[in-house]
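Hey, can you work out the whole structure from these sequences and the hints?
Protein chains: 2
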Amino acid sequence: MNTFKQIKSSATAARIRALGARATPARLAVLHLLESAKRALSHHDIEQALDDAGFDRVTLYRVLDWMVESGLAHRVADAQRVFRFSVAAPSSPMHTLHAHFRCDACSRVFCLEDVVVQSPRLPAGFHGSGVEFCVTGHCAQCDGNAVPAK
Amino acid sequence: MNTFKQIKSSATAARIRALGARATPARLAVLHLLESAKRALSHHDIEQALDDAGFDRVTLYRVLDWMVESGLAHRVADAQRVFRFSVAAPSSPMHTLHAHFRCDACSRVFCLEDVVVQSPRLPAGFHGSGVEFCVTGHCAQCDGNAVPAK
DNA sequence: TGATCAAATGCAACAGAATTGCATAAGCAA
DNA sequence: TTGCTTATGCAATTCTGTTGCATTTGATCA
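Line order of the protein sequences matches chains W and H.
In terms of the working numbering, the first sequence is residues 9 to 158.
In terms of the working numbering, the second sequence is residues 9 to 158.
Do not take every clue at face value.
The list treats identical chains as one, so a pair stands whether inside a single copy or across any two.
What the hints assert, rightly or not - Straight-line alpha carbon distances no greater than 20 Å define the calculated SDA-like cross-link-like pairs of lysine to any residue that follow:
no., residue 1, residue 2
1, K46, R65
2, K46, D122
3, K46, V76
4, K46, V66
5, K46, H135
6, K46, A22
No lab work stands behind these hints, which were simulated from the structure alone.
Encoded structure:
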């Protein structure tokens, strides 16, 4: 397992400093976690995954807020009205054409990378700047299983 | 303003009784309100709109739960992780192909009646049963105004 | 009408997610 | 290493929604 010292000079740390922010352990850990996750994580997921490091709950909230503000991550409210976070694709011009899949059984949220979302025609006077698109159903692990995955 | 007596035998009341439920003042009031609203209302919106009647907070929550259960209304979690409710179109087979517009300025949610949403292709093993589609931006009243509409 | 009874309500307490204030700790530039 | 600004940790609070339970009431039937 990497210590803070070891990853302090990593590309991730440089990316954080390039934004004018400090490369702190909490930011490095959360960013690494989100980058390695294939799905959108809740604050609770992140807290459990980084339990060893012992970050304060509020610190994680603030790191996530900062990531969303600086464009490193997306934030969506899931059906249980809990925020979920996923890394923003660096190439994506706006984090607006993002699609998700939420499993009704295990409540996990997956990013649908290759789904193209187009904005529909809107009523007169309305101007759209972003689109949220979420499909619900059963994920590959839960489909056909009585017991939800993990 | 209509008294409870006056609207007790209305078509709305009959619709409620047809579902095997009692036509109570709270249900009539909420149903009337949602039917006359052009947008999805939060519990807070509803509480304020029906302030005169003095319904308890919990009663409104339970009426809304009942409406969703019996198919009279849709419920979605908005970007601020607040539930919003809108009447279900009686003809609509499933409340899955529903599209919304959320104003970034005033946070109100509008129903986009005529937008057709189709489910995208999903990864192997995934099975979708519903779709949520929400466009964000500025509504007709807030567009170009510095101060958000009410 | 009036009695009856399950369904609905009101009140209080609770629960979970997220935010705010403030004193302390720590990253990083000089 | 020093100093300053940013980030963190802790406690308390807000906001949204839920649960338990005693009381009231809508609708049925005599």
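Structure-based check of each hint:
For a Cα distance limit of 20 Å, the shortest separation of K46 from R65 qualifies neither inside one copy, at 23 Å, nor across copies, at 39 Å. Taking the shortest alpha-carbon separations for K46 and D122, only the intra-copy value of 14 Å comes in at or below 20 Å, while the best inter-copy value is 34 Å. For the identical chains of this complex, K46 and V76 are intra-copy neighbours only, at 18 Å inside a copy versus 31 Å across copies, given an alpha-carbon limit of 20 Å. Taking identical chains as interchangeable, the C-alpha atoms of K46 and V66 are never at most 20 Å apart, the minima being 24 Å within one chain and 38 Å between chains.
For the homomeric pair K46 and H135, the shortest alpha-carbon distance between copies (17 Å) is at most 20 Å, but the shortest distance inside one copy (32 Å) is not. Neither within a single protomer nor between protomers do K46 and A22 lie at most 20 Å apart by alpha-carbon distance, with minima of 23 Å and 49 Å respectively.
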